[in-house]
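Visitor: From first to last, the protein sequence lines stand for chains A and B.
Yeah, the first sequence ends on 430 if you go by this note's numbering, and it's all consecutive.
Yeah, the second sequence ends on 1164 if you go by this note's numbering, and it's all consecutive.
Check before you lean on any hint, since a few could be wrong.
Between beta-carbon pairs, the in silico distance windows are [claimed, not checked]:
#1 A/403 with B/1161: 20 to 28 Å
#2 A/403 with B/1061: 18 to 26 Å
#3 A/406 with B/1102: 50 to 58 Å
#4 B/1068 with A/358: 54 to 62 Å
#5 A/352 with B/1068: 23 to 31 Å
Worth flagging that the hints you see were computed from the coordinates, not collected in a lab.
These numbers come from a predicted model, not from an experiment.
Virtual Cβ for every residue (Gly too), placed ideally from N, Cα, C.
Single-letter residue listing:
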Amino acid sequence: MNVTRRGFVKNAGLAAGAAAAFPTIIPASVLGQNAPSKVLTVACVGVGGMGLSHISQMLGRDTVRIVAVADVDRHHQRRAAKIINEKYGTQDCRMTGDFREVTRAKDIDLITVATPDSWHAIPAIDAIRNGKDVFVEKPLTLTVREGRVLVEELRKHKRVGQTGTMQRSSEGFHRAAELIRNGRLGTVKQIDVLIPANNRYVGATWKPEAVPEGLDYDFWLGPAPYAPYTSQRTHYQFRYVLDYAGGQTTNWGAHYLDIAQWALGMDESGPVAVEGHGVFPGSGLFTAPTRVDVRYTYANGVTMRMRTRTDGVYDGNIIFRGDKGTLDVSRGKLKSDPEGILKEQIGDGETHLYKSRDHFGNWIECVKSRERPVSDLAIGHKTTNLCNIGNIAMQLQRRLDWDPVQERFADDAMANRLLTRAMRGPWSLA
Amino acid sequence: MSEKTTVSDGKRAASDPLAGQAADARYKKFNETADPWKVIGTLAYGDDRTMVSTVERVILDADPSQYPGFEEKLLKIAVDPACTEAGYGFVCRLLSLIASPKSVAALKDKLASGNEVVAHLTRLAIEQVPGAEADAALRAAAGQVKGREAAGFAGAVAMRERSL
Chain A
1 MNVTRRGFVK NAGLAAGAAA AFPTIIPASV LGQNAPSKVL TVACVGVGGM GLSHISQMLG
61 RDTVRIVAVA DVDRHHQRRA AKIINEKYGT QDCRMTGDFR EVTRAKDIDL ITVATPDSWH
121 AIPAIDAIRN GKDVFVEKPL TLTVREGRVL VEELRKHKRV GQTGTMQRSS EGFHRAAELI
181 RNGRLGTVKQ IDVLIPANNR YVGATWKPEA VPEGLDYDFW LGPAPYAPYT SQRTHYQFRY
241 VLDYAGGQTT NWGAHYLDIA QWALGMDESG PVAVEGHGVF PGSGLFTAPT RVDVRYTYAN
301 GVTMRMRTRT DGVYDGNIIF RGDKGTLDVS RGKLKSDPEG ILKEQIGDGE THLYKSRDHF
361 GNWIECVKSR ERPVSDLAIG HKTTNLCNIG NIAMQLQRRL DWDPVQERFA DDAMANRLLT
421 RAMRGPWSLA
Chain B
1001 MSEKTTVSDG KRAASDPLAG QAADARYKKF NETADPWKVI GTLAYGDDRT MVSTVERVIL
1061 DADPSQYPGF EEKLLKIAVD PACTEAGYGF VCRLLSLIAS PKSVAALKDK LASGNEVVAH
1121 LTRLAIEQVP GAEADAALRA AAGQVKGREA AGFAGAVAMR ERSL
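Generate the whole structure from the sequences, applying the supplied hints.
Guide: Here's what the structure looks like:
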């Protein structure tokens, strides 16, 4: 079934009828965004793997109701709508291939974005400009420039935006960051980050293939340069092609570098220098580095090294090394040396970091309170900058001096050119 | 070059552990390897990028004083009517790193091309060029191109005017 705009609008009409029958589903434009009893309406943009995770995170909540899904793959649309309809016992979840039909819909309050990275900024900005609050997956944007525009639009339109860096809502990472921020390791000197292995080798060549039924491939490419369809390019594997993502540097770096930024109190800033060596495939479809080794230096002298791990574990890891001890944290582990560090309490007069134990719940609460969420887009942007400048440093294989506030490199015109990319029409950030 | 393998006649030296086996055809033709700069213009989508990647590396590592020479070589490939679309895209990606107003002048027609793929690929390079020449070329092309790229060019012009 081809989901046309007319069909979408027709379904929207049905949904409006359903809303009349079930008056709890009334958009914020009617009740007011922060009416405590209202149910917020949600549309999910990008409902592949991560998008389904978003849906499952929201389906059990009585504070939100998913009313629409948008995806360029019709099979993804149908699969997601089926899950949503079965959960609600209805048939009214709307489907579209064009995100603008949900980011501009009057009856939708919230937008989640879980598209390929090259498609994060545009729908998020469109949603913000149309009065929606947004949840945007990490890494926040493909380029530094996109991130700057996204954050500027967020503030200009006074919207609430959460980045999908959900480790900030995890007890272990929160505890680690709080201990470090309160000096339990003494002065932090060095941070070591490991991220999972990158793309596999899939051959030196690839062949254009027929676009599968149901996939709007031109829309999938979106702002990226034209390239013929080949199956390895799309869906999960997109992250290994630099036109669409930044490999594991940005995929996992967005999580673990984020914890470093939090622990160091660098949410509004970042390192002042970066250098790195990556192994970039000299041929084949994939262009993201297969091995990464990036070193960041902060103005206070803290150095951070991020490398690809080689033990096959599909998780990251971060070790903070201070002059009074070390702290080793990952998703399944929190260890300190000496052990006693972990038993220490944070006193009333000390720094207590933003506490969230439910990343989606925190976002929804903030939508109602109009407070900033734990992973406000501006924070996600600064962390994503680290990932992106890490990739740039590895590409250029030279030390780069970075201004974390102006978000420009010093004295390296080529490096600065890599902070943005020309988007294929009709797409732009304007 | 390894002492164990002769590459000129495709036969392996007696000391080679693989002696007696046929040499890899690529080694056999090693001495006839094409100039990687010339390979760029022949690239097809999905082709092996090994050769052209060496050019990319040279440019990434170059001293800025070398950029004009590289730009000239890339522009020569870009304006060659025989250059493939994939090859042109590769050239534009490299030009995006080093292009100057000279590229703006040389690629003005391609920027306003009726071929929307070519127009966008050209924009990859030209949008990265600071200054009035690129501003003017993008603005002029925005008034000429049709279809999806009309909005793309208009957006590009608007974003260049937006200081962040």
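Visitor: Would you list, in rising numerical order, the hints stated earlier that this structure does not obey?
Guide: 3 and 5
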